[in-house]
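> Residues per chain, in single letters:
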Amino acid sequence: MKRALRYLLPAVAAVALGGIIYIFLRPPGYAFIHWLDASGVKDLTNQLKGCSLFPAHAVPGWVVYSLPNALWAFSYSLIITGIWFRGRSGLKYFWLASIPFLVTGFELLQLTGTIPGTFCPQDMVLGITGMISGFLAGLKLTNPNNHERSTTF
Amino acid sequence: MKDQLRFKSFLLSFLSGGVLLLFFFLATGSLYDLLSLYNYSQTTVYSSDDGTYTTLTASDHTSTETNGPRDPQGRWDGDVTIVQKKKTVPGGTWVVSSTEHVHMEEGMRHGRSITTYPDKPDKEVCYHMGHVINCQQKATHVNNAGTSAFQLLSEGSPWFMNSLAVYGFEDTFVEAYMDTLELLLAAYEFSVVDFSSYYNDLLDSLSLTRYDTVTQANAVLSLIQGFEEMKNAEFRLAVLDVSRMEGGSTYNHMAEKYPGYLRFLALLDISEPDFDEFCHEFDSIMNSYGPLDMEDPFFVDSVDNRIIATLDVIGSEEEESGAKKGAIKKAFNSYVFLQEAVSSDVANAVLFSFFEYYNRGDLIQQALRRAYLIGNGVTLVPTVTTALLSIESATSANLAGYIVDDGGAAVTASGIVWGTSYNPSLDDQVAADGSASGIFSVTLDGLTGSTIYYARTYATNSAGTAYGNCISFTTEGFVIGILEEQQQAPGLEIYPNPASDFLHLRIEWTSYGSAELSVMDLNGRVVNHRALIGLTPGKEEIELDLSHLPAGLYHCLLEADNQKVQSARFMIVR
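Residue numbers (this note's numbering), protein chains in the order written: chain A, 5 to 157; chain B, 516 to 1089.
Read the hints as simulated data drawn from the structure, not as lab findings.
All values reported here derive from a predicted model rather than from experimental measurement.
Every residue gets a Cβ at the ideal spot worked out from N, C-alpha and C, and that includes glycine.
Keep in mind that the hints are not guaranteed to be accurate.
Below, computed lysine-lysine pairings styled on BS3-like, alpha-carbon distance capped at 27 Å [claimed, not checked]:
#1 A:Lys6 with A:Lys144
#2 A:Lys96 with A:Lys144
#3 B:Lys523 with A:Lys96
#4 A:Lys6 with B:Lys523
#5 B:Lys523 with A:Lys144
What follows is a set of in silico ranges between Cβ atoms, one per label pair, in the way DEER data are often shown [stated by the list, open to error]:
#6 B:Gly626 with A:Ala17: 53 to 61 Å
#7 A:Ala17 with B:Asp709: 45 to 53 Å
#8 B:Ala978 with A:Thr133: 52 to 60 Å
#9 A:Leu143 with B:Leu526: 21 to 29 Å
#10 A:Val129 with B:Cys650: 26 to 34 Å
#11 B:Ala701 with A:Leu143: 24 to 32 Å
#12 B:Phe539 with A:Arg92: 42 to 50 Å
#13 B:Glu685 with A:Leu9: 38 to 46 Å
#14 B:Glu871 with A:Thr133: 28 to 36 Å
#15 B:Thr558 with A:Thr133: 38 to 46 Å
#16 A:Val129 with B:Phe525: 30 to 38 Å
#17 A:Thr116 with B:Gln557: 24 to 32 Å
#18 A:Ala17 with B:Leu520: 46 to 54 Å
#19 A:Leu143 with B:Asn715: 45 to 53 Å
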């Protein structure tokens, strides 16, 4: 459990940071914010938006639009690597392969025109960076040589 | 041991599946609205039961349902209900955001509007031909100095705030957006002519910021509203008139009824022979699409589609010749581009005239521009509106003028200008007995019976003279056909007008044959139809029973074999 916390905490922090960017810097009209509203925290998110100290137009676009996905890619990659990389089950290859599929899938499907939307190289670069960072962090944080010995399965 | 390993793998896979779903949820949450929020479709259905139209404009998350009657030009006209709905959760059920009941005339709100909301008190607003007025019709804005663009927008077009709200933009956010636009605009050197270019720069600078979705939502709303505004374009109105005739010429009709349009083209270096040639080609292409059924409730929409298709054809020809590459298609995307593109090219000039109206659909830009000018100490011309009160007799009519805003300087003269051509000016007949502010009524005397008149309010201050919307009315009695050129058509005289239970039609036939007589209400619905056969040259009198029809304005249409169409408008009073 202690080992799991080592990668779960930064993963949760990354998700939270992405959410904060959404709440503070993204305009209304995004589903994530609709979902927050629908979950009954509309007033709270509105208050948080009102407290924002950042002049929204002064924040670089990549922070507002690409960083949240990169942080979530980092988080997903970290959790999946943390759970599976040291494992012995053959399923680990399936789950580790899901990381690049999920992270790049949306952008590539947009590039091929399979789903609507515009392919954005910036999203792709930041997403891959987040994915690799998450993978490396997962390796580091779950390395048994650096920490106490842990059981494997 | 193996079983234990399998069980652990299963548990961890289950856990990983949950994590995968969570991240899929987050990823789609960030994409979902970008993919579909600003894609919208518009459909219109006609109800033969009550003669009303319902237009549904919808994206995956928002919908606007407008229901009501339309006038012969396809504009909302009558008691209209506008329901805004949204989906708070993708795939969820529609939730009503607001419901507005309002009377509209010529596509503009006119009268009391009541909007109900599910989560806040009802809102009552009074309009006079599209402009917000005090419900007691007393006050008028004297000076807007210090007024922000947001105030101008929210107070001048409160219905637009409902449209933005359905996209998830609350008033406070729109205010922050418009304040930011004003702040950024202040950094530019003041220039009236460069405003449009500044505005486009501002929108570019705010892309990829938290304000870009409101910009996108406004682009969609501007498109929808812009097309409504374009319904008042003179060229379109003329083509609609001509489409109701057989063999009419757009150029002749423009010269006859819309001489101001030819003067406008002259300002763009378009000569009358060039425009005549353009109209000839335009008419040829329009006619090549085949005849239209005027009783079809979508007659106006069909004409609109043909106008767009025809302009596209002409534009494509010019594009191929390299005259104005892609100007027509790009025109709807860039006002600035079109301003630069206009030269002696007639098709582009016609499109430019359309775009003048279309551009009025961007209400945020309009409010920002007004605030920009006021904030820089520019005195504006007054804002005025015109409405028809009553037709008193064959020689007299009552009209209402309203000075909505004096533009920041005292109004020194106001009244009604009128004449037999569209958009009359001070060069035509003038009834100069208006007021300096608020609403006033003017009686036009000395009119000729059986004539279509046009009138609009004017007001003058130190910045110049402004004109309001142009209204048309027909004086009592005999109404000639739409065009003077229809000399060969059978003569149609109707009386009394207004009628009550019976209407008499005196028709003078010029040849043998048959004809069909139709009476249509303002919704285009045929309420009375009669086949006339075995006609011989000479006068014939027909009596129509109107006792089953409700009070209102009607259109009488005579179609004769091998002869042109005659029409007349009459009113039923009860």
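> Give a verdict on every hint.
Hint check:
1. A:Lys6 with A:Lys144: holds (15 Å)
2. A:Lys96 with A:Lys144: Holds, at roughly 17 Å.
3. B:Lys523 with A:Lys96: holds (12 Å)
4. A:Lys6 with B:Lys523: holds (18 Å)
5. B:Lys523 with A:Lys144: holds (23 Å)
6. B:Gly626 with A:Ala17: 53 to 61 Å: Hint holds: Cβ distance 57 Å, inside 53 to 61 Å.
7. A:Ala17 with B:Asp709: 45 to 53 Å: With Cβ atoms ~48 Å apart, the hint holds.
8. B:Ala978 with A:Thr133: 52 to 60 Å: Check passed, 57 Å falls within 52 to 60 Å.
9. A:Leu143 with B:Leu526: 21 to 29 Å: About 22 Å separates the Cβ atoms of Leu143 of chain A and Leu526 of chain B, which means 21 to 29 Å holds.
10. A:Val129 with B:Cys650: 26 to 34 Å: violated (57 Å)
11. B:Ala701 with A:Leu143: 24 to 32 Å: violated (53 Å)
12. B:Phe539 with A:Arg92: 42 to 50 Å: violated (27 Å)
13. B:Glu685 with A:Leu9: 38 to 46 Å: The hint (38 to 46 Å, Cβ to Cβ) holds, given that Glu685 of chain B and Leu9 of chain A are roughly 40 Å apart.
14. B:Glu871 with A:Thr133: 28 to 36 Å: violated (49 Å)
15. B:Thr558 with A:Thr133: 38 to 46 Å: holds (45 Å)
16. A:Val129 with B:Phe525: 30 to 38 Å: This hint holds: roughly 36 Å between Cβ atoms.
17. A:Thr116 with B:Gln557: 24 to 32 Å: holds (29 Å)
18. A:Ala17 with B:Leu520: 46 to 54 Å: violated (31 Å)
19. A:Leu143 with B:Asn715: 45 to 53 Å: holds (49 Å)
Consistency with the previously given hints fails for numbers 10, 11, 12, 14, 18, ordered from lowest to highest.
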